[in-house]
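With the hints as constraints, model all of the structure from the sequences given.
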Amino acid sequence: MKWFVLSQSGRILFPWLIVLSLIVLYRGHNLPGGGFIGGLLCAAAFILVGLGDGMDAARRRLYLRPVTVLGIGLGVAVLSGLPGLFSDKHSYFVDQWLPGFTLPLLGDMHIGTPLIFDVGVFIVVVGFVLHSVFSLDYLAQTDHRSENEKQEEEEGA
Amino acid sequence: MPELLILCPAIIFLAGFVAPTLRRALGDRAGYLLCLAPFAACGLLLSQAGLINEGAGIEYSLVWFEALGASIDFRLDGLSFMMAVLVTGIGGFIILYTQGYMHGHAYLGRFFLYLLLFMGAMLGLVLADNLLLLFVFWELTSITSYLLIGFNHEAKESRWKALQALLVTGLGAMGMLAGFILLALVAGTWKISEINGLGALVQASPFYTAIVLLVLTGAFTKSAQVPFHFWLPNAMAGPTPVSAFLHSATMVKAGIFLMARINPALSGSGLWEYMLAIFGGLTLLLAMFLGLFQKDVKSILAYTTLGVLGILTMLLGIGSTYAIKAMVVFLIGHALYKATLFMVVGSIDHETGTRDVRLLRGLRRAMPLTALAGGLAALSMSGLPPFFGFIGKELIYKAGVKLSGLEMVFLAVALLGNLVMMGLALKAGIGPFFGKANHEALPKKPHEAPWSMWIGPVVLAVLGLVIGIMPFWVTEFMVSPALAAIQGAEVVHLELALWKLVKPNLPLLLSGITVLGGFFVFLNRARFWAVADRVLAAIRPYGAEAMYERIFNATIWLSKVQTKKLQTGRLHDYIFVIIGATSLLVAWTLLKIAPTLGQIEFGDFNPAVTVLMAIIIAATFLVVISDKYFTILGGLGTIGFGVALLFAFYGAPDLAITQLMAEALVVVLFMFVIYGLPPIRRFSQSRTYRRDALLAGVFGLIIAILAWLAVDLQLDSPISNELAAMSYPEGKGKNVVNVILVDFRALDTFGEITVVTAAALGIAALLSSRIRKRSAAQTERDAS
Chain A
1 MKWFVLSQSG RILFPWLIVL SLIVLYRGHN LPGGGFIGGL LCAAAFILVG
51 LGDGMDAARR RLYLRPVTVL GIGLGVAVLS GLPGLFSDKH SYFVDQWLPG
101 FTLPLLGDMH IGTPLIFDVG VFIVVVGFVL HSVFSLDYLA QTDHRSENEK
151 QEEEEGA
Chain B
1001 MPELLILCPA IIFLAGFVAP TLRRALGDRA GYLLCLAPFA ACGLLLSQAG
1051 LINEGAGIEY SLVWFEALGA SIDFRLDGLS FMMAVLVTGI GGFIILYTQG
1101 YMHGHAYLGR FFLYLLLFMG AMLGLVLADN LLLLFVFWEL TSITSYLLIG
1151 FNHEAKESRW KALQALLVTG LGAMGMLAGF ILLALVAGTW KISEINGLGA
1201 LVQASPFYTA IVLLVLTGAF TKSAQVPFHF WLPNAMAGPT PVSAFLHSAT
1251 MVKAGIFLMA RINPALSGSG LWEYMLAIFG GLTLLLAMFL GLFQKDVKSI
1301 LAYTTLGVLG ILTMLLGIGS TYAIKAMVVF LIGHALYKAT LFMVVGSIDH
1351 ETGTRDVRLL RGLRRAMPLT ALAGGLAALS MSGLPPFFGF IGKELIYKAG
1401 VKLSGLEMVF LAVALLGNLV MMGLALKAGI GPFFGKANHE ALPKKPHEAP
1451 WSMWIGPVVL AVLGLVIGIM PFWVTEFMVS PALAAIQGAE VVHLELALWK
1501 LVKPNLPLLL SGITVLGGFF VFLNRARFWA VADRVLAAIR PYGAEAMYER
1551 IFNATIWLSK VQTKKLQTGR LHDYIFVIIG ATSLLVAWTL LKIAPTLGQI
1601 EFGDFNPAVT VLMAIIIAAT FLVVISDKYF TILGGLGTIG FGVALLFAFY
1651 GAPDLAITQL MAEALVVVLF MFVIYGLPPI RRFSQSRTYR RDALLAGVFG
1701 LIIAILAWLA VDLQLDSPIS NELAAMSYPE GKGKNVVNVI LVDFRALDTF
1751 GEITVVTAAA LGIAALLSSR IRKRSAAQTE RDAS
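Taken in sequence, the protein lines are chains A and B.
Following this note's numbering, the numbering of the first sequence begins with 1 at its first residue and continues without gaps.
Following this note's numbering, the numbering of the second sequence begins with 1001 at its first residue and continues without gaps.
If you are wondering where the hints come from, they were derived from the structure by calculation, not from laboratory data.
Don't take each hint at face value.
Said to hold, decoys possible - Straight-line distance between alpha carbons at most 20 Å, and here's what the computed SDA-like set of lysine to any residue pairs gives:
id	chain 1	residue 1	chain 2	residue 2
1	B	Lys1444	B	Thr1354
2	B	Lys1402	B	Pro1507
3	B	Lys1773	A	Phe86
4	B	Lys1773	A	Leu136
Written as structure tokens, this is what we have:
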């Protein structure tokens, strides 16, 4: 038996939370926010769905395995440092920026390697939190199930 | 072409790394290809002989870490040329020999790998012109020789002996490293060629004695000088090609090489000379004494190696031009005949199945070529004319008769040592081949070894004869330049001719005595064997090896005792020790500096913050006292949210948001495990509680005092101002925290997310075993 309110709020809030986490990620360079906070928010969105509809639903929404997500995140972070090698300073992780431009709605844009690095951090955090939660959930479920079955067996006997 | 200096070790290392694959692809024939690598390196080096002859060195530098002076400096001068040619030339034959000796061995590829790595390391060592680089190669030879000596790792004895070699040489190297660091500090450079020009400066420094003693620790352990001699005979536990290589041109010569290498910087004080001469002499005497009682051909040879190392060290200590010339000549001669003899012994062992000198007789007909090589090498080792060994021995006596007063002792030692060594040489190299054949008594029917096993010994042994008769090439291109390098002087071309040495004078008389005495020892060999077991057993408890075993066991004992005491396996104890130690150390420092606590500006009274603090403190007590999980979880959550609010209040919104998110997630995570946890129960006695409470109180007090002090403490202008100022212009961001995280300190953050990933993998590892068990049980249930 699922809690209706939790389940529905999870379904409704999920896309908005994802968007919110991305906004927090992007605005981090100038205002409170960034990869860590954004990543936690994004993971929280999945967990909310999981609490309402069960973690399997959350797992389906993530589509990838959390460990894969972790790998992608680290990869993105590593790659974001590479352009610095080809800059004048020839050093890893020296920031490189595209020329600023303006988009409707979003205003002045500054896209550079630090933002890509932050995206990597974001993905790693999402992967880590969801990996922990999914693993623990799996354990708790099987615990629960085996206990239930034990009870049923006792009742049956 | 200076690049060849890095090319030569590179070829050999590369050959090593492809060896296992090559063996798999080509079978045992891979050895024919692999031996080309050292031979090619040898050829490349020999092509530089002209430059060496003129006294010009070749240098190659690759800057790596400039600030530390750690760069890849190679230098080829007379001394390193001689050593490098020996290493690669003999190394090539050893590879070829291995191919025959270990024919069909399951791990031949691996053996080639170790052997070539060892060779490359040794080559790098002799070419290195930087103390740090030399040390790296030095350790590499220790490690690879450990792998080689312990190659038959199924045998416990083999492992023990390999470990012994590694520990003795490795510990010595630690001392040597300390000596190197002092030396570099005094001289102001890590480059050996520069240090060698600063001898006066080094010897005037107050660290000079320490430098000499520490460097010699490394050299003596590596070159098996008394009292570290015991590992060398034990190193025979490795397959014979290893012994042949280890004893002739490599490993043990590394110590000699090091002493010769930095001789210009450290010699001239008396301390250096007497240390070398006395320890060298003692090593020679001890080795010869023990060698008399050996019955295994291989161990006879091992003790003669020990003796030669003693002679070389002693000659370097005597330090006159004659002595050093003798040392260089002796070193070349020894490398040639010792490699030959070990290979010959390996062949005998391979074809007859035994190495016991009492059984081996009359093999000359069955193994004519091996007998030829063994005989020639033994004669060279005995120092008979016209072999190269004779020149070496004559020069030793020439150097000896120049000594005066008490130093004549060294001449007597050299005479005695050479005399016994000749006896041992005959015993090992001649004995097995002559006399009446007794092939029935041998475990295998003897026959000649395959060509890959006799070619090396024959070539090297004949070489020993040829350069004895015509020493011109060797003197011109090796001895004179090496002599100049060891003395730190210009190259002076020496005349070294066999016939010039055969003159009726005192050295020749001494040679005569040596020969007669050597034959006497050889003829009486059975007498020594008769008492061997008793003598060796009687002196063993007082020997250095027994001491090593005692120290080894004591170390193991100490480690066990302290582990049992400190590692109880209870989290409670660990936390107690950590907190207790921290408290003690901090309290001690606080008492020592006795700071004055300043006035604290509390600022305006803020009721909200005060209430928040009160709630946090109350929640803390709740967590400590409660024994219900939900209460504890609630208490921890309260503390976390309270702290987050404090962050928010004092202007750290990033921190506050992160903390809030983390707290929320912790609650979620905890929910999953809470059902699986056993109920909280109390195990400790109330006495333990009181103790823990006291410690916790003290620790809290100390932290409070520290915090109080920190308020007053203002070092230079805080770095945060600077970072905040740089944030927008350089990082193009207004949020300083974020700019620091993803830009200024991106590498740190990258480290952190790597740790996060590693933690996730750790969780996976922790849980996977349980998950696997569950799913196994699950499928079982589903099936039933």
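Hint check results:
1. B:Lys1444 / B:Thr1354: Roughly 8 Å separates the two Cα atoms, so the pair holds.
2. B:Lys1402 / B:Pro1507: Status holds; Cα separation ~10 Å.
3. B:Lys1773 / A:Phe86: violated (50 Å)
4. B:Lys1773 / A:Leu136: Holds: Lys1773 of chain B and Leu136 of chain A sit about 15 Å apart, inside 20 Å.
This entry does not satisfy hint 3, going by the numbered hints stated previously; all others are met.
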